[in-house]
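**Q** With the sequences and hints as input, model every part of the structure.
Chains A and B are the protein sequences, given in the same order. Just so we're aligned: the first sequence equals residues 1 to 298 in our numbering. Just so we're aligned: the second sequence equals residues 1 to 298 in our numbering.
Hints in this document: simulated from the structure, not taken from any laboratory. A couple of the hints might just be wrong.
What the hints assert, rightly or not - What follows is a set of in silico ranges between Cβ atoms, one per label pair, in the way DEER data are often shown:
no.	chain 1	residue 1	chain 2	residue 2	range
1	A	P102	B	N31	26 to 34 angstroms
2	A	Y292	B	K61	52 to 60 angstroms
3	B	F174	A	I5	55 to 63 angstroms
4	A	V26	B	P138	31 to 39 angstroms
5	B	E139	A	D246	36 to 44 angstroms
6	A	G257	B	V26	29 to 37 angstroms
7	A	P173	B	F174	58 to 66 angstroms
8	B	R99	A	G43	35 to 43 angstroms
9	A	I5	B	T137	39 to 47 angstroms
Where is the CB? At the ideal position from N, CA and C, for every residue including glycine.
2 protein chains.
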Amino acid sequence: MDIKIYLSKKHKAVEEALEQLMLQPVGPFENHIQSMRYSLFVGGKRIRPILCLAAGEAVAKSSNTEKNLLPVACALECIHTYSLIHDDLPAMDNDDLRRGKPTNHTLFGEAGAILAGDSLLTWAFDLLSSPNNGTLTPEQRLQIIQVIARAAGPQGMVGGQALDIASENTDFPFTTLQSIHKNKTGVLITSSVQAGAIGAGADSEQTDKLISYGNNIGLAFQIVDDLLNVTSTTEQLGKAAGSDVDRGKATYPAFFGIEGTRKKARDAVESAVDALTGFNQNADPLRAIAEYVYTRSH
Amino acid sequence: MDIKIYLSKKHKAVEEALEQLMLQPVGPFENHIQSMRYSLFVGGKRIRPILCLAAGEAVAKSSNTEKNLLPVACALECIHTYSLIHDDLPAMDNDDLRRGKPTNHTLFGEAGAILAGDSLLTWAFDLLSSPNNGTLTPEQRLQIIQVIARAAGPQGMVGGQALDIASENTDFPFTTLQSIHKNKTGVLITSSVQAGAIGAGADSEQTDKLISYGNNIGLAFQIVDDLLNVTSTTEQLGKAAGSDVDRGKATYPAFFGIEGTRKKARDAVESAVDALTGFNQNADPLRAIAEYVYTRSH
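**A** Structure follows, in structure tokens:
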């Protein structure tokens, strides 16, 4: 299969769903909604939503599965976007550039950016609990909310970010780096895959395999991100290159060098693909996405 | 009934539930969880949780109702606490004092406070979607999540805060003040009452009445807060007195004077009590809470 065509097709489906579902900038909160929309539509690979759709497809390939999962996919992108807005704030990473465009707070001010993030996070749970989107059962919706809230919260994504901030310019062991990566990035990616599995009615064996795939693809993704931060230019990245080193953040290349890091990424991709043993060709998009993540490392 | 005894009893039940349910400060995220716990346990009247429990009691008075609603009540308090942490940030109201104690960011830094708020909000949805607490049906849980997410998000509490910040030092009409009050404070209070109604199995007529009660008690609450900001000392308030005027915020007293504002509070309290017509003595706590809110205005 041609993964670029697949990614482009799913990207389009996610964009259309976001456009259809997202609040319009009208009424008394027009400016606030505009600040949410700015970061949501400024660009992005939509990798979490696409993983959610592809995981659903691996379990049950039907137009109904995709229709049911699109609002979930959009909620995941809202949560990812909120996390980027808050990470970029002056009090955190203080980044002016994201996806090659000004960060939210440079346009809407710090207060505006904090609130844009707060609203994207809250609205994601509004979307996930809305009875108007698709035909998921209440049990499925609730399980999906539980999985995503757990992944995005204090024992997951936010906890990882807190640990990342606290560890800057300190000397810490590789296990701490693993914990930061896993929680800051990995768990939301795993939850994207898991949410797709739940929405498509996966059995427990399928779910376990997909969680293992998610854990490994999340790891590969983060390792490659560390690598690109070192090996790319700011223009290529759309955000400040070399910023990890500048901030005294530990990264995979700092522990293992460039080639050693590439090898770690390869290992994670192979583990991700191995986890899908037993799935038929409907899981080929997931397999191809894993390979695609690795090709980004060169 | 003695409302002070009732409030004290329910306050204790909420404290115990929070202590039991809230994450413990252990493991890799110890410091982060400590920052969440600090603001959650620094004090507070727990009025939203108590309104949730009292609304449930008005519909169905049983120990099972309270047991089912306590996790919901705790989630509401987490969302309220997160909103205070973010409102107090230097980029927003820049307050050093809240409930007579240092605000979150003065102790944990700006980044720490932003993340503490993010985690309290996210964890609230974790709690609401958890299958381990009580015997609410998936449909009830989902409805409660929907009502709370809608109230707390861009078209509710966060939208109201964005409007409040944007309106500082501008000349705006009374309708804008109403919109700020209703969304920043009122809707989460209404959703607390509504969540209690859903969890107790209220029918649609009961729910409508309780929503009307919630709208009016929320209004009364905010009017009295405006009044206290003008008429109290910092010591009495536990936060900076007169800060509304200092920040060029429009308030009820600015529009109606002290006595006119007190009259508006009285009207709202009476409308709240009137909305409960048809409920039996199990709604007496709700009626007494309405009167209690008014007594705070003197």
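**Q** Can the suggested window of 35 to 43 angstroms be confirmed for the beta-carbon pair R99 (chain B) and G43 (chain A)?
**A** For R99 (chain B) and G43 (chain A) the Cβ distance comes to about 42 angstroms; the hint holds.
**Q** Taking the Cβ atom of E139 (chain B) and the Cβ atom of D246 (chain A), is their distance within the range 36 to 44 angstroms?
**A** For D246 (chain A) against E139 (chain B), whose Cβ atoms are near 51 angstroms apart, the range 36 to 44 angstroms is violated.
**Q** Using the Cβ atoms, figure out if I5 (chain A) sits within 39 to 47 angstroms of T137 (chain B).
**A** holds, 44 angstroms
**Q** Does the Cβ-Cβ separation between P102 (chain A) and N31 (chain B) fall within 26 to 34 angstroms?
**A** This hint holds: roughly 32 angstroms between Cβ atoms.
**Q** Looking only at beta-carbon atoms, does the pair V26 (chain A), P138 (chain B) fall within the given range of 31 to 39 angstroms?
**A** holds, 33 angstroms
**Q** Range hint 55 to 63 angstroms: satisfied by the CB atoms of F174 (chain B) and I5 (chain A)?
**A** holds, 57 angstroms
**Q** Could you tell me whether the CB distance from Y292 (chain A) to K61 (chain B) stays inside 52 to 60 angstroms?
**A** Roughly 59 angstroms apart at Cβ, these two residues keep to the hinted range, so it holds.
**Q** Could you tell me whether the CB distance from P173 (chain A) to F174 (chain B) stays inside 58 to 66 angstroms?
**A** holds, 60 angstroms
**Q** Is the distance from the Cβ of G257 (chain A) to the Cβ of V26 (chain B) consistent with 29 to 37 angstroms?
**A** 35 angstroms Cβ-Cβ, so the 29 to 37 angstroms window holds.
Checked against the numbered hints above, the structure violates only hint 5.
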